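Sequences and hints are given; from them, build the entire structure.
Numbering (our numbering), first residue to last: 1 to 508.
To be clear, the hints were calculated from the coordinates, so they are not data collected in a lab. Some clues are possibly wrong.
Stated by the list, open to error - Each computed DSSO-like pair below joins lysine-lysine, with the alpha-carbon atoms no more than 30 Å apart:
hint	residue 1	residue 2
1	Lys166	Lys138
2	Lys41	Lys376
3	Lys373	Lys402
4	Lys443	Lys376
5	Lys224	Lys122
6	Lys224	Lys200
What the hints assert, rightly or not - Quick list of simulated restraints, FRET-style, between CB atoms:
hint	residue 1	residue 2	range
7	Glu193	Ala491	31 to 39 Å
8	Ala62	Gln89	50 to 58 Å
9	Gln89	Ala398	33 to 41 Å
10	Thr27	Gln432	38 to 46 Å
11	Glu193	Arg20	20 to 28 Å
12	Asp141	Ala289	45 to 53 Å
13	Leu121	Phe18	57 to 65 Å
14	Glu269	Asp173	53 to 61 Å
15	His136	Gln209	17 to 25 Å
16	Asp100	Arg340	30 to 38 Å
No experiment lies behind these values; they were computed from the predicted model shown. Heads up, the beta-carbon is just placed ideally off N, CA and C, and yes, glycines get one too.
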Amino acid sequence: MPAFQEGGRFVLRRYQEFLRRRGTSATSFEAEVRRELTRAKVESAIRNGVKVAPAEVEQAYAFRHEAVRAAWALVELPPILAATTASDQELTAYLAAHPDEFRQPERRRVQYVTLAQRDFLKPVPDADVQAYYTEHAKEFDAPRQARVAHVLARVAETGGSAAEDKARAKAADVIRRAKAGEDFATLAKEASEDPGSAPKGGDLGFVGQGEMVPEFERAAFALKKGEVSPEPVRSPFGFHAIKVLDVKEGGRKPLKDVVAPIRDRLQLEAADRAMTARVGEVRPQLQAAKDFMAEAKGLGLTAAESTLARAAGAAAAGGGDPLAEAAFTLALGGVSPPVRTPAGLVILKSVAALPAGVPPLAEIHDAVATSVKRQKAEAVGLERARQLAADAKADFAAAAKKAGAHTGETPRFSRAKPADKLPGDAMVEALQTAVGGITAPVKTAQGYYVLKVLEHAGADMSGFQAEREKFTGEVLAQKQSQAWESWLAGARAGSKVDVSSRIRPRVG
Numbered sequence: 001m002p003a004f005q006e007g008g009r010f011v012l013r014r015y016q017e018f019l020r021r022r023g024t025s026a027t028s029f030e031a032e033v034r035r036e037l038t039r040a041k042v043e044s045a046i047r048n049g050v051k052v053a054p055a056e057v058e059q060a061y062a063f064r065h066e067a068v069r070a071a072w073a074l075v076e077l078p079p080i081l082a083a084t085t086a087s088d089q090e091l092t093a094y095l096a097a098h099p100d101e102f103r104q105p106e107r108r109r110v111q112y113v114t115l116a117q118r119d120f121l122k123p124v125p126d127a128d129v130q131a132y133y134t135e136h137a138k139e140f141d142a143p144r145q146a147r148v149a150h151v152l153a154r155v156a157e158t159g160g161s162a163a164e165d166k167a168r169a170k171a172a173d174v175i176r177r178a179k180a181g182e183d184f185a186t187l188a189k190e191a192s193e194d195p196g197s198a199p200k201g202g203d204l205g206f207v208g209q210g211e212m213v214p215e216f217e218r219a220a221f222a223l224k225k226g227e228v229s230p231e232p233v234r235s236p237f238g239f240h241a242i243k244v245l246d247v248k249e250g251g252r253k254p255l256k257d258v259v260a261p262i263r264d265r266l267q268l269e270a271a272d273r274a275m276t277a278r279v280g281e282v283r284p285q286l287q288a289a290k291d292f293m294a295e296a297k298g299l300g301l302t303a304a305e306s307t308l309a310r311a312a313g314a315a316a317a318g319g320g321d322p323l324a325e326a327a328f329t330l331a332l333g334g335v336s337p338p339v340r341t342p343a344g345l346v347i348l349k350s351v352a353a354l355p356a357g358v359p360p361l362a363e364i365h366d367a368v369a370t371s372v373k374r375q376k377a378e379a380v381g382l383e384r385a386r387q388l389a390a391d392a393k394a395d396f397a398a399a400a401k402k403a404g405a406h407t408g409e410t411p412r413f414s415r416a417k418p419a420d421k422l423p424g425d426a427m428v429e430a431l432q433t434a435v436g437g438i439t440a441p442v443k444t445a446q447g448y449y450v451l452k453v454l455e456h457a458g459a460d461m462s463g464f465q466a467e468r469e470k471f472t473g474e475v476l477a478q479k480q481s482q483a484w485e486s487w488l489a490g491a492r493a494g495s496k497v498d499v500s501s502r503i504r505p506r507v508g
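Now the structure itself:
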């Protein structure tokens with residue numbers, strides 16, 4: 001499993017840590033994996049039973065490649081919206097009819113200042129870098145590493161004496177054959193029960209001390225390059241035959257290789273200390289001030305005001321916005337300790353507690369006005385588009401001009417080759433409309449489209465043979481998914497599922 005790998009190799013330490021965090025044993029987890037494998041086998045059997053007829057593939061190709069050419073008219077919403085007004089009576093009525101659109105959770109209004117770490121960054125002298133390198137020499141020692149290969153004879157910790165003996169004997173036989181001159185990688189491919197490393201000849205790559213379970217690590221680091229473990233090594237996963245392929249003795253990295261990270265670290269640490277010290281200076285003054293905003297300005301800080309809401313369930317889960325969490329712990333008028341955020345250290349003052357509910361219209365006037373204007377503009381746009389569609393049956397160009405619509409004409413397009421500037425919903429509507437037909441208005445982000453189909457061409461099948469395999473795979477995948485979903489639905493309902501009669505290819 002990828003979760004238990006580093007650089008493509010299986011790491012036993014990760015697996016053990018996973019089991020510990022999950023509070024389960026290897027036996028229980030492996031039983032769960034076996035159940036999942038059983039489910040996968042059932043799914044595979046159902047999917048493998050699905051077949052695709054040649055006619056279905058041709059139908060899918062033809063559907064994807066049928067082409068249309070159309071004239072279009074767009075009744076644009078932005079100009080209508082810009083000319084739309086909203087009265088106070090309309091705002092009041094809209095808010096009364098749509099309260100949930102504007103409902104707010106409990107909130108806190110705060111004033112705050114942010115001290116950013118970047119404002120305290122200063123150059124770091126070379127002497128400081130050298131001193132850190134000298135005083136923290138062990139940080140730059142590369143540990144001894146061994147490139148290890150293994151063959152695993154898997155057995156659970158509670159495998160029982162017979163299973164233990166069988167696994168031990170298997171690992172011992174690999175050791176015997178390897179010492180007799182047989183290629184260890186070939187033995188691993190043939191015999192190892194570690195699916196992550198077996199295909200690679202058992203190669204786990206370079207590992208350092210502390211990366212593997214203790215039993216495995218002790219045995220591996222006791223070997224020299226080219227040596228095979230003298231006897232099977234027991235771990236929580238079974239018995240291992242181990243070979244060390246290479247060794248890196250390690251050593252201290254030269255200063256030139258670590259100057260940049262040392263300098264960055266020292267610069268950030270110094271900036272953080274300076275920022276923290278400055279916070280310690282200004283916070284008492286902000287606490288004592290009657291006017292937080294004015295005091296901040298006098299201290300050379302930029303203050304702002306905001307409204308914060310606590311995310312649902314965030315407090316219980318230990319997550320959420322740290323500023324919101326701090327705001328909700330403050331009494332009215334209280335000033336917070338510094339709150340660490342990605343932007344820096346923030347000091348905030350609670351100035352108002354706003355209850356959950358729908359705020360008064362005065363507080364949300366602009367938001368309500370935006371919704372009212374949008375609703376009115378969409379109604380006007382839709383009515384114009386409907387009239388355009390009705391008039392277009394006689395003269396499309398004249399109808400579009402009368403509606404003040406923006407117009408254009410597409411080249412041929414299909415589901416396989418969409419038109420460059422036409423929204424997807426408008427294309428679909430045109431593909432489903434007969435030649436000479438006028439579509440109903442199609443709502444898009446820009447406004448309402450009305451289209452007249454000028455040409456409807458059947459699919460050009462000349463490219464079918466070249467794409468037959470691709471389309472066969474697509475239709476098969478769709479039918480397989482439908483078969484599996486149908487089987488699951490039937491299994492949940494406890495009923496018998498007739499897959500063959502319920503599966504139809506979906507294309508497009």
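Status of each hint after checking the structure:
no., hint, in the structure
1, Lys166 <-> Lys138, "45 Å, violated"
2, Lys41 <-> Lys376, "56 Å, violated"
3, Lys373 <-> Lys402, "23 Å, holds"
4, Lys443 <-> Lys376, "15 Å, holds"
5, Lys224 <-> Lys122, "49 Å, violated"
6, Lys224 <-> Lys200, "21 Å, holds"
7, Glu193 <-> Ala491: 31 to 39 Å, "32 Å, holds"
8, Ala62 <-> Gln89: 50 to 58 Å, "56 Å, holds"
9, Gln89 <-> Ala398: 33 to 41 Å, "38 Å, holds"
10, Thr27 <-> Gln432: 38 to 46 Å, "58 Å, violated"
11, Glu193 <-> Arg20: 20 to 28 Å, "23 Å, holds"
12, Asp141 <-> Ala289: 45 to 53 Å, "52 Å, holds"
13, Leu121 <-> Phe18: 57 to 65 Å, "40 Å, violated"
14, Glu269 <-> Asp173: 53 to 61 Å, "56 Å, holds"
15, His136 <-> Gln209: 17 to 25 Å, "20 Å, holds"
16, Asp100 <-> Arg340: 30 to 38 Å, "36 Å, holds"
In summary, the structure is inconsistent with hints 1, 2, 5, 10, 13 from the numbered list given earlier, while agreeing with the others.
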